[in-house]
Amino acid sequence: VPAFVRMIARAKWEQSADLREGEIAADAVTGDLRTTQNGLSFWRCPAIEATDLERAALAMAAARDRLDRLDVVHLDEDRIRASGLQTRATPGNTPVSSLRSWHIDVDALDLVRLGTIAAMIAMAHRTNAVLKLSRLEVLAILVRAVRDGLLSTDALRGDLKTKVEAALGIS
Amino acid sequence: MKPTTGNRDALPHARFPNELDSIAAINALIDDDSVNDGYTHPAESMLDEHIEQFGAAGLIEHAFITASPIRAADLIRLLGRIPEIEVELRRMVVERGLASPHVVVRDAALQAAETWEDDSLVILLRDHRDVIPWLNEYVEKIVRGLRI
Numbered sequence: 117v118p119a120f121v122r123m124i125a126r127a128k129w130e131q132s133a134d135l136r137e138g139e140i141a142a143d144a145v146t147g148d149l150r151t152t153q154n155g156l157s158f159w160r161c162p163a164i165e166a167t168d169l170e171r172a173a174l175a176m177a178a179a180r181d182r183l184d185r186l187d188v189v190h191l192d193e194d195r196i197r198a199s200g201l202q203t204r205a206t207p208g209n210t211p212v213s214s215l216r217s218w219h220i221d222v223d224a225l226d227l228v229r230l231g232t233i234a235a236m237i238a239m240a241h242r243t244n245a246v247l248k249l250s251r252l253e254v255l256a257i258l259v260r261a262v263r264d265g266l267l268s269t270d271a272l273r274g275d276l277k278t279k280v281e282a283a284l285g286i287s
Numbered sequence: 018m019k020p021t022t023g024n025r026d027a028l029p030h031a032r033f034p035n036e037l038d039s040i041a042a043i044n045a046l047i048d049d050d051s052v053n054d055g056y057t058h059p060a061e062s063m064l065d066e067h068i069e070q071f072g073a074a075g076l077i078e079h080a081f082i083t084a085s086p087i088r089a090a091d092l093i094r095l096l097g098r099i100p101e102i103e104v105e106l107r108r109m110v111v112e113r114g115l116a117s118p119h120v121v122v123r124d125a126a127l128q129a130a131e132t133w134e135d136d137s138l139v140i141l142l143r144d145h146r147d148v149i150p151w152l153n154e155y156v157e158k159i160v161r162g163l164r165i
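Quick mapping for you: the protein sequence lines, in order, are chains Z and B.
Position one of the first sequence corresponds to residue 117 (my numbering), numbered consecutively onward.
Position one of the second sequence corresponds to residue 18 (my numbering), numbered consecutively onward.
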């Protein structure tokens, strides 16, 4: 089954003491689901398999400017489609050119439809449909991508570029 | 998540006459723009200057008495990005952070330890048992990484 994946800050999706069981914290929604022109950015993995999820993680990690951990939530495409959410493939903002076509926006979001996505992410968090990569695991994925020719360090930015180059022994 | 445009070298900030004003200015930046993994935050350059001028102890104390767990977590995550924080203060951040009832604060303390890459923190992490299973898995990964 294909999956829609996106970065989250997982701790914000834990049950908050000031909310009732099952309620979704507004901090999670306002922090992790910031829309642009009523759209929300995802990466579409061909399958929910470690290799594909790591590819999506690579696309996201390579676009950042710091080496940090990465929490990636994955939602079944079937559920997105069944919910009637509108999607549109758009080129992804990542230096990994072979993965740009994996990018997809969920479009035409209003408050109700954004809530639908929030509920899906909250459920994914509860059922552990989250790939949690440590900082070192993110570094390993980036280093492997450079060695495999998927990514050039010239396309990386800031602290991230420095750390990846150091790991590769590039001075 | 929205990338931030912060850059440690880009924005020189006026020095504040006292520590509380400086902390208030840092808080304002954090409230304006939450801290996102993987992206430099606009408050980082101000944090550097704050620590140079006042040291980190007062800021750390503030992180643990602030009423908002989200703000406290963001501040702790930013402190983790500053390698100049002394070992004793790092230990304080991790120890007090892990004792927090708020998962976002415990998670932030773990991330700070991970980012400092300080193997002297392993003993604190190794002894931590969290009620959240995925947080325990995160601890194990950090400890493994610090032992390499």
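Since the hints were derived computationally from the structure, they do not count as laboratory data.
All C-beta atoms, glycine included, are put in the ideal place defined by N, C-alpha and C.
Some hints here could point you the wrong way.
Below, simulated DSS-like cross-link-like pairs (lysine-lysine); rule was C-alpha separation at most 27 Å, straight line [to be verified]:
id, chain 1, residue 1, chain 2, residue 2
1, B, Lys-158, Z, Lys-279
2, B, Lys-158, Z, Lys-248
3, Z, Lys-248, Z, Lys-279
4, B, Lys-158, Z, Lys-277
5, Z, Lys-277, Z, Lys-248
Residues from chain B shown here face chain Z by an in silico Cβ test under 8 Å; the list is partial [unchecked claim]:
id, residue
6, Ser-51
7, Asp-54
8, Gly-55
9, Tyr-56
10, Thr-57
11, Ile-87
12, Arg-88
13, Val-120
14, Asp-124
15, Gln-128
16, Glu-131
17, Thr-132
18, Trp-151
19, Glu-154
20, Tyr-155
21, Val-160
Status of each hint after checking the structure:
For the proposed pair Lys-158 (chain B) and Lys-279 (chain Z), the alpha carbon gap of about 19 Å is at most 27 Å, so the pair holds. Taking the CA atoms of Lys-158 (chain B) and Lys-248 (chain Z), the gap is about 10 Å. The hint holds against a cut of 27 Å. Between Lys-248 (chain Z) and Lys-279 (chain Z) the CA atoms are separated by roughly 20 Å; this keeps the pair inside 27 Å, and the hint holds. This hinted pair checks out: Lys-158 (chain B) and Lys-277 (chain Z) have alpha carbons roughly 23 Å apart, not beyond 27 Å.
For a cut-off of 27 Å, the pair hint linking Lys-277 (chain Z) to Lys-248 (chain Z) stands: about 22 Å separates their Cα positions. The restraint placing Ser-51 (chain B) at the interface with chain Z holds, with a minimum CB-CB distance near 5 Å, inside the 8 Å limit. The interface hint given for Asp-54 (chain B) holds, since its Cβ lies 4 Å from the closest Cβ of chain Z, which is under the 8 Å cut-off. Annotation: interface hint on Gly-55 (chain B) holds; nearest CB of chain Z at approximately 3 Å, less than 8 Å.
Interface restraint check for Tyr-56 (chain B): the shortest CB-CB distance to chain Z comes to about 6 Å, inside 8 Å, so the restraint holds. Taking 8 Å as the C-beta contact cut-off toward chain Z, the hint placing Thr-57 (chain B) at the interface holds, the least distance being around 5 Å. Using the Cβ-Cβ criterion of 8 Å, the hint placing Ile-87 (chain B) at the interface with chain Z is satisfied: the shortest such distance is roughly 5 Å. A distance limit of 8 Å between C-beta atoms decides the matter here; for Arg-88 (chain B) the minimum to chain Z is near 10 Å, and the interface restraint is violated.
For Val-120 (chain B), the suggested interface contact is upheld, since its CB lies about 5 Å from the closest CB of chain Z, less than 8 Å. A least Cβ separation of about 4 Å between Asp-124 (chain B) and chain Z falls short of the 8 Å threshold, and the interface hint therefore holds. Interface hint at Gln-128 (chain B): satisfied, since its Cβ lies 6 Å from the closest Cβ of chain Z, which is below the 8 Å cut-off. With a least beta-carbon distance of about 5 Å to chain Z, the hint placing Glu-131 (chain B) at the interface is held under the 8 Å criterion.
Annotation: interface hint on Thr-132 (chain B) holds; nearest CB of chain Z at approximately 7 Å, less than 8 Å. Interface restraint check: Trp-151 (chain B) against chain Z, minimum CB-CB distance 6 Å, threshold 8 Å, status holds. Residue-level restraint check for Glu-154 (chain B) holds (minimum Cβ-Cβ distance to chain Z is 7 Å; threshold 8 Å). At its closest, the beta carbon of Tyr-155 (chain B) sits 6 Å from a beta carbon of chain Z; the interface hint therefore holds under the 8 Å criterion.
With a cut of 8 Å, the hint placing Val-160 (chain B) at the interface with chain Z is violated, because the nearest CB-to-CB distance is about 10 Å.
Of the hints listed earlier, those the structure fails to meet are numbers 12, 21, in rising order.
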